[in-house]
Amino acid sequence: MSPLAKLRGAMARARRAMPDIVGPVGRRWERLSQWQRRPFYVLALAIAVLAPANSVGRIMAPASDWKTILFNPIGVYILLALGLNVVVGLAGLLDLGYVAFFAVGAYTMATLATHRHWSFWLVLPIGIILAAFAGVILGAPTLRLRGDYLAIVTLGFGEIVRRIAINTNSLGGPRGISGIPHPPSIGHVKALTYGVLDPKPYYYLLLAMIVLVIFVGRRLERSRVGRSWQAVREDEDVAELMGVPSFKFKLWAFAIGASIGGMCGVIFASKQIAITPDNFPFLLSVLILAAVVLGGSGNIPGVILGAFLVAWLPEYLRDASFGKFVVRQVHHVLPRAGSFSDLRVLIFGGALVVMMIFRPEGLLPSRKRRAELAEGQGGMGSLGGTVVVPPPEESK
Amino acid sequence: MSKLIKPRYGAVLLVVGAVLAAGCSSSKKTSTTGTTTAPTSVKIGFIGALTGPDAQLGINEHEGEKLAIAQHNAKSGSTQVQLLDYDTTGSGTVSPQLAQKAITDKVVAVVGPAFSGESKTADPIFEQAGIVNITASATNPKLADNGWKYWHRAVGNDNAQGPAAANYILKKLNAKNIAVIDDNEEYSLGIADIVRSTITAAGAKVAVTDHIDKNAQDYSATVNKVKSANPDAIFYGGYYSEGGRFLKQIRDAGITVKFVSDDGAEDPKIIDSAGAAAAEGALLTCPCGDITKSTNSNAPSFVSAYTASAKAAPGTYSAEAYDATNVILQAIDAGKTSSKDINDFLSTVSYVGLTKTLKFDSKGEVASPTVYMWEVKGGKVVFDGAVDQLIGG
Amino acid sequence: MHNLIREFWPSTVDGLTLGSIYALIALGYTLVYGVLRLINFAHSEVFMVGTLGSLFMLHAIGVNSPQTGFALVGVLLLMLLAAMAVSGITAVLLERIAYRPLRRRGAGRLAALISAIGASFFLQEVVALRYGRDLIAFPRVMKKVTLFKIGAGDVRNDKLIVFVAAIVLMFVLERFVNGTRLGRGIRATAQDAETAVLMGVNIDRVVVATFVLGGLMAGVAAMLYGLRFENTQYIAGFVPGIKAFTAAVLGGIGNLRGALLGGLLLGLVESYGASFFGSQWLDVVAFAVLVIVLMFRPTGLLGEALSRARA
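Respectively, the protein sequence lines represent chains A, B and C. Going by the working numbering, the first residue of the first sequence is number 1, and it counts up by one from there. Going by the working numbering, the first residue of the second sequence is number 397, and it counts up by one from there. Going by the working numbering, the first residue of the third sequence is number 790, and it counts up by one from there.
It should be emphasised that the hints constitute simulated quantities derived from the structure, not laboratory data. Being a predicted model, the structure only gives us computed values, none of them experimental. Check each hint, because a few of them may be wrong.
[Claimed, not checked] Derived list of chain C stretches under chain A, where covered just means 3 residues or more per stretch with a C-beta under 8 Å from a C-beta of chain A: (1) 801-808; (2) 883-895; (3) 898-907; (4) 919-932; (5) 1031-1045; (6) 1074-1081.
[Claimed, not checked] Not the full set, but computed from the structure, chain B residues with beta-carbon under 10 Å of chain A: (7) 447; (8) 482; (9) 492; (10) 493; (11) 494; (12) 499; (13) 500; (14) 516; (15) 524; (16) 525; (17) 581; (18) 582.
Ideal Cβ placement from N, Cα and C applies to all residues, glycine included.
Full structure from sequences and hints, please.
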């Protein structure tokens, strides 16, 4: 048996072994009824509420400030991923320029709060509406395009928004906007007093929005809209024939996804104090998309997990001591890698490839998405799905 | 669809488990330079890019700070100072969390942030927490207008560099018709706009205004504009990578007029990106002087000590960071070990450093900064002297 | 408007030059898309490593000054071969490692896209961590001289080579796809993969061939890029890659002639746009034109059909 075949065999075994470790737990979970699951939801929320504790931070982010990281990138990525999930996961539309809506929200907050001195609580709904409007503006002319065309158009839209921000003097140009006020505090509760030094109130604000988005998202998913999205995702032509106005529902998905991005942007801007166009690079769109797919497109817990990992791992691995060992090992191949931080993007890239090879459906896929994958459709059409060649027989 | 946990989440546990296991061996500390953590020790920080594409400036400053602290700690009887590193990778979205981390670490003062963008998001946090911060290279003038009490700048800002560059072009090069190009970055546009307004105010003409796209490689459109406007001189606001690339395309198009740029381009790497032939004669302004050419009697010993510890010659802003660190260390030597005391000390100090006398005004700016001119000659960036003297003499 | 009139001819020359490079890269996107319906996001990195390939060839043969006559032709050919070899091999490896395992599992296209993005990050970082993040300069191997003028536009030798090479290669490629057995296999698979399999087409071979062809074209683009701009960088593939993808879509993705048309058109649009509105609006103009074209022709200017790529 050749070493290559051996490796292939080992990989195949690893692939099969992986799901079985906790399979029974998962099946038991599926048998639970809605109200039996409630305690678990409460538990998850409790964990989220208690997360900013210092003791947690010492384990989770030894080399950085855990509470700040919990807000950005972790919380921000989770909220953005939940928003993008509506577009990509539920409606099956490929959006490579999602960061544009995040930028619209952030700039709405920055402009209205610094020029007009409007309160955060007033700007928040305006930012959401403007972002949704931006989603409609982008969607209306382009949503009739097929998936891949949509991808490049959305990518272009993301760049156009960033460029406009850079080139418009009233938006501060490349200097961006600074001096963005914090939300006015509510009462004298510490968790609702927004200032520079304590990131915790922002985290709780973001957490509240995340819970809200999850709640609304699940409602939507099980509504007529959600079922229409599913139909459009699986086969747009058939859906259209069955009387689903696919364009309308795709536009809804865009608007809803965009409004969540905008909401996140408003909160981000008020915490950040100063924003520049550099805060909204194409890379961020890609990272959020990676988070959605990595976690399990279409499945809310999966998306949250994916976003958490994408946001947290690079921060966690900053200056980890085993990193020095890794750096030494790769030194003769990658001499410019001075510290483990330098290797983070490289490892992230490699991990994306490996993850997609072993779990193309994501870490926590939704059951429907798994079924679609099993049919070789993958929801968005599959890569040569019609020309699937069965994997080679494992050599003995 | 409504499941929180799916049957196949073994992989998740595996991944998370593996990562946590790996992380258990991870260090809790950022790199430290101080030898001991005696009870009398004080922590100061460096904040700026140490890794990533824009790290060179940060590394230069970090080495300067490291050297100052090592020399300080070696003196007998001095309060031991520990250096903590906060690597922002130059990003304004990463800098707040590290500023916050510095608070938790009970750092009393930091040198940095190195760039203006990251300063805008991190400095408000330092200000609120009352941590002394001295930047050695963030030259955006607007940083001084925030009313920050703990913020200081150990280098001249773009308001000094812009007019100096413009006056050099007008008076020394005798140009009347000048193309002013920038890369539309915050820093570059800042300088270029000041150059434009100085030129217009002096009655000369800005022949071309254009903003290249930093990410593009082909600057033909801008080159064509410059060529058809036929200017007497070109000013470019930006960094060495794109600046060099632009310069090469300018020369290839047969445009031979003088090319002037700023401290972002003041780096030997501009010769790599432009090619030695195209780069020849390029003029680069910088609030940084040449420490190896300095008349300061302490400069030679700094250069040799720096070269020994950093294993490289002092780079742009190494000496400025060294000065910034030393002024903090002087406060510590004077028994000021709290942020508040150090800050009060800085408001009255007049410290004769290697690069200049550090005397901060009420805004935190250093008094009367000098702008120097550098020039590419024979494949090297060489020091010409102070711009004022070059124009005058 | 004044600017545009004054700079019309120079803009045209530069736009066509840049557009030629876009077109060559766009061919790779179009071929792979035609066969696999997959956006090969890592194609920009295939291009980027090609630039390094031609640079290292120059280092290997020790050329660091302008050449003339046969020596120049030899040097250029060696650069070309090196770039094509490196890009071609990278493209094949990419298919093997990042795509084929997914294809075998019947994974979704979204998964393939993420895998491609991962591979793209990986390749960029390998180059960055090995050769640094600064620009890497090429020595000048050919003296740049103006051959003739069109209006105010200087037609320089390097620009002319880029343009001519792109057009010639375009037709070579089209001949290959239309005239050879393997080319027929590619077209058959693009048209109907299932039937192609039934008819005895070896899908894996066809897929590899598509990646190789795309890689070779990216290699050509890389060498021309090196000749024209004389530097490269770990991130050098990013913008040309995105623009080439835009060009492919503009012309009709999956359509070889569409890639050429889209590339040249995009080059011109960017050049005129930058001249008229200012360089800072270049991306906005490019993408705005894309959106407008797609609104009226949802499958690009020439429509998508690798299978019907004949004249």
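Against the structure, the hints come out as follows:
1. Closer than 8 Å: that is the beta-carbon criterion, and the stretch 801-808 of chain C has 0 residues meeting it against chain A, so the requirement of 3 is violated.
2. Counting residues of the stretch 883-895 of chain C whose beta carbon lies closer than 8 Å to any beta carbon of chain A gives 9, which meets the minimum of three for the stated coverage.
3. Judged by the Cβ-Cβ criterion of 8 Å, the stretch 898-907 of chain C is covered by chain A as claimed, because 9 of its residues qualify and three suffice.
4. With 4 residues having a beta carbon nearer than 8 Å to a beta carbon of chain A, the stretch 919-932 of chain C meets the requirement of three or more and the stated coverage holds.
5. Proximity of the stretch 1031-1045 of chain C to chain A, defined as three or more residues with a beta carbon under 8 Å from a beta carbon of that chain, is established by the 5 residues found.
6. Three residues within the 8 Å Cβ limit are the bar, and the stretch 1074-1081 of chain C against chain A gives 5, so the coverage statement holds.
7. Hint on residue 447 (chain B) holds. Least Cβ distance to chain A is approximately 5 Å, under the 10 Å limit.
8. Against a cut-off of 10 Å between C-beta atoms, the interface hint on residue 482 (chain B) holds, since the closest Cβ of chain A lies about 9 Å away.
9. Satisfaction of the interface hint for residue 492 (chain B) is found here, the shortest Cβ-Cβ separation to chain A being roughly 6 Å, below the 10 Å cut-off.
10. With its C-beta approaching chain A no nearer than about 4 Å, residue 493 (chain B) sits inside the 10 Å limit, and its interface hint holds.
11. At a threshold of 10 Å, the smallest CB-CB gap from residue 494 (chain B) to chain A is about 7 Å, leaving the interface hint in force.
12. For residue 499 (chain B), the suggested interface contact is upheld, since its CB lies about 7 Å from the closest CB of chain A, less than 10 Å.
13. Hint status for residue 500 (chain B): holds, given a least beta-carbon distance of 6 Å to chain A, under 10 Å.
14. At a threshold of 10 Å, the smallest CB-CB gap from residue 516 (chain B) to chain A is about 4 Å, leaving the interface hint in force.
15. A distance limit of 10 Å between C-beta atoms decides the matter here; for residue 524 (chain B) the minimum to chain A is near 4 Å, and the interface restraint holds.
16. For residue 525 (chain B), the interface hint holds, since its Cβ comes within 10 Å of a Cβ in chain A; the closest pair sits about 6 Å apart.
17. Nearest Cβ of chain A to the Cβ of residue 581 (chain B): about 5 Å, under the 10 Å cut. The hint holds.
18. At its closest, the beta carbon of residue 582 (chain B) sits 5 Å from a beta carbon of chain A; the interface hint therefore holds under the 10 Å criterion.
Consistency with the previously given hints fails for number 1 only.
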